[in-house]
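Engineer: Dock the two chains into a complex; use the hints.
Here the protein sequences line up with chains G and X, keeping their order.
Here the first sequence is numbered in our numbering, starting from 1 and rising by one per residue.
Here the second sequence is numbered in our numbering, starting from 1001 and rising by one per residue.
These aren't lab readings, by the way, just hints derived from the structure by calculation.
Every residue gets a Cβ at the ideal spot worked out from N, C-alpha and C, and that includes glycine.
There's no promise every hint is true.
Stated by the list, open to error - Covered stretches of chain X (in silico footprint by chain G; criterion: 3 or more residues with CB under 8 Å from a CB of chain G, positions within the stretch not fixed): (1) 1002-1008; (2) 1022-1030.
Unchecked claim - Distance ranges between label pairs, derived from CB positions: (3) G/Leu345 <-> X/Arg1021: 19 to 29 Å; (4) X/Ala1058 <-> G/Arg38: 56 to 66 Å; (5) G/Pro368 <-> X/Thr1039: 52 to 62 Å; (6) X/Thr1081 <-> G/Ala105: 32 to 42 Å.
To be verified - Listing some non-contacts, in silico: residues in chain G with all C-beta distances to chain X over 10 Å: (7) Leu61; (8) Glu102; (9) Ala148; (10) Ala209; (11) Arg211; (12) Gly223; (13) Glu274; (14) Ser280; (15) Glu297; (16) Pro361.
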Amino acid sequence: MSAVDERLLPRPYTLVAELSYRCPLSCAYCSNPIDLDRRRDELATSDWKRVLAEAAALGVLQVNLTGGEPLVRDDLEELVAAARASELYVNLITSGIPADGERLARLAAAGLDSVQLSVQDVDPAGAAWIAGRDGLAAKLEMASAARALGLPLTLNVVLHRGNIARTAAFVALAEQIGAERLELANTQYLGWALLNRDALLPSRAELAAARAVADEARERLRGRVEILFVRPDYYADRPRACMDGWARRYIVVTPDGTALPCHQASSISTLAFENVRARSLAALWNDSPAFRAFRGEAWMPEPCRTCDERDVDFGGCRCQAMALLGDPAATDPACARTPHHELVLAARVRAEESVRAAAEPLRLRRLPLR
Amino acid sequence: MIGPGARVRLAHKVRLRRDPRTNKMVLLYPERGLELSETAGDIAALCDGRSAGAIVEALAARYAGVARERMEQDVLAFLRTLAERGLLHVEEETA
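Next comes chain X alone, as it looks inside the complex (with noise of 0.2 Å):
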């Protein structure tokens, strides 16, 4: 389960680019990959090792009309599922 202290980034062998077709952000890995939505997009470019709770900093900054609360939700789900395909590399909050 990834909280707002873990740590992450993209999997190595993912690449994050946009697609000049659509001009939608997508992650490609091994035969595969994934179109983003706008924020889906943000997100993972900010996957970087730093922590999901400083995504949502930088988040919260760029869309203000957006609930704190609900930010975090969404961020965090939307980790979540990068991390269940093995896109994304966790190091969990060390206590």
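So that you can see chain G by itself, here it is in the shape it has in the complex (with noise of 0.2 Å):
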């Protein structure tokens, strides 16, 4: 019998299937977690197969596909068909590394709903500071692909002081490959992205100035190209609503199998997540104590437990509170009415004074394909 009454839960909508960790790219934002070298297990087709039947039985309706670059896996036709089977809308969130026309038919063939693919840079030598290396002509030879497949395409553009003077280019990129949908998403500090963080916070003016660009494209190309504009909760003085709160809408399976409410909460050592391959779907958004930690506001502190906003924003994200206090269930300090946001201001205060980006090296995260 369960602990709790089931209908009292909410229920997941999207599963974000983390497939593999490895990536031909090195992003320094990367949302794979910084320990990546001691996570090279991967689950087997039978498992995530598994998973995504559960996930539909559960209320999923979404599936991303995502890693690391889930193209590195041999079976992502085979798992693609298993999630049509079961209904779900399938995203497929790749780099578009290597390009392959007739792999992304297969995939079609198989049922694929959706690609968003993303692009770090059009400036050859800004992709390769903040990646690695360049892929533009790989990109643009998937996109082709996709709209010759009749694909619907997403360009996500992850924005930091290294490529947002270029939000017009990303524009012009997203209109030329014919995307209905273009993300221009500033990084969020978390994870390798803190690692780098003052190399990659914009100053407040290249953050406006990218803002207006997306604002005046937005209203031109309506209709046409959905423009997503979304800020850098360090410049917010409220914090994200991480994941629409924790363990609400989404659940995450990483490579090995890890079930997570969000891409970073690994990052929180105290908690223990448990596996797919040891317990159902069902039975870890249900039970599972790190699903239950800071589902609801039973787990509030002030000032986020009398708060006004608090279902607004479900007191903002419990890795960036782990990651800057130490505390995971600290206010977020984006927020300007915690004292902590001080932490949050000083950076501010750093991205104004230092020098420009790709002067600075970054700490690139690496996990080769293979």
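Structural biologist: Structure, rendered in structure tokens:
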């Protein structure tokens, strides 16, 4: 018997399936964990097929097949087909490297619904600085293949000080490749990005200029390209509604089968996250102490507990509280209502003072393809 | 502006299905979803290339108690909402 009444629990809408941490890119803001090298174990095809079916039974409607780079998995076609067999809407989140139009056609035939393609920079030197290599030619080829197959295409660009001045060029690229959606998502400073924060955080003026470009483009392209602009929470004064609340709408399964409420959650060393090899996804979602830890409002400290915005941002990002304060149950320092906000303000001051980005060496993530 | 003569079809990226948890119809599209009321679900299911006016006709037969004029207003308003979100392919009536 379940320890909790399942009727009172939220249900997950989206499964984020991190199929592999292997990746041809080495982005300095990667959302994969910092201790990548200790995490090379990967679930078998049969495990993933079970996870996909269990997710659908639990209420999940969408699956994001991501990584690392999901194309490194030879069984991707089989997993797409399995997801579609469970009626899931299947999004492929890819770097587009290596470009392979025939493979994309096989994935489309297996039931793939949409492609989200990342572009690091339109400037080859900029791409090499942030990701260790330039891959734009491959990405353009994949975009073209996606359009030829009729797959809806989202272009995702992570913004930071090294590329934010080229926001207009990213808009032009989205138009050129026929993307239906452009995500201009500023880096959030967790994991690898936090290690590189002083080189990546843009100044307030750079951020404002990029935002103005995005606002203009959104009006001009309305009905053709949907444009999202996500600012860094360091400039927001209120925390992000991270994952729409802890264990509320999303469930992440890592390459080795660990179930998490968000990509970064394994950084919270005080929680023990369980594995899909040991328990069903439903049991993990409903009963796992790690999923229950910050669900709802009971865990909240002041000022969140009595805050009139607590059902808007859910107290912000638990991983950011862990990273900056060593306490995952603290109010997110991105919030101006906590005294710890001074940590974020100090980083902003450094962003105004520091030298230009490309001069600074970055700590790039590394995990070879094999 | 969508009028009764416009032919409408759900956009290629959109999948209409029933959510087994709520028993409501949902529109799924890249990384998003839209939960529909019973009537909206009925309208969405009829967006198969027929005209907005033909959708009104089909629904009028199904919901006998609803005034025809009110039905047309509701259908057109919902179709415009879908079009604004890029979820509907619209072929305007040719003169």
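Engineer: A separate judgement is required for each hint: does it hold in the structure or not?
Structural biologist: Hint by hint, here is what the structure shows:
1. 1002-1008: violated (count 0)
2. 1022-1030: With 4 residues in contact (Cβ-Cβ under 8 Å with chain G), the coverage given for the stretch 1022-1030 of chain X holds.
3. G/Leu345 <-> X/Arg1021: 19 to 29 Å: 43 Å, violated
4. X/Ala1058 <-> G/Arg38: 56 to 66 Å: 59 Å, holds
5. G/Pro368 <-> X/Thr1039: 52 to 62 Å: Roughly 54 Å apart at Cβ, these two residues keep to the hinted range, so it holds.
6. X/Thr1081 <-> G/Ala105: 32 to 42 Å: For threonine 1081 of chain X and alanine 105 of chain G the Cβ distance comes to about 34 Å; the hint holds.
7. Leu61: About 6 Å separates leucine 61 of chain G from the closest Cβ of chain X, which leaves it inside 10 Å; violated.
8. Glu102: 21 Å, holds
9. Ala148: Holds, because the least Cβ-Cβ distance between alanine 148 of chain G and chain X comes to about 13 Å, which exceeds 10 Å.
10. Ala209: Holds, because the least Cβ-Cβ distance between alanine 209 of chain G and chain X comes to about 27 Å, which exceeds 10 Å.
11. Arg211: 22 Å, holds
12. Gly223: Given that some Cβ of chain X is not farther than 10 Å from that of glycine 223 of chain G, nearest at about 7 Å, it is violated.
13. Glu274: Glutamate 274 of chain G clear of chain X: closest Cβ-Cβ about 23 Å, beyond 10 Å.
14. Ser280: Given that every Cβ of chain X is farther than 10 Å from that of serine 280 of chain G, nearest at about 17 Å, it holds.
15. Glu297: It holds; glutamate 297 of chain G is separated from chain X by about 23 Å at its closest Cβ, greater than 10 Å.
16. Pro361: Label holds. Min Cβ-Cβ 34 Å, cutoff 10 Å.
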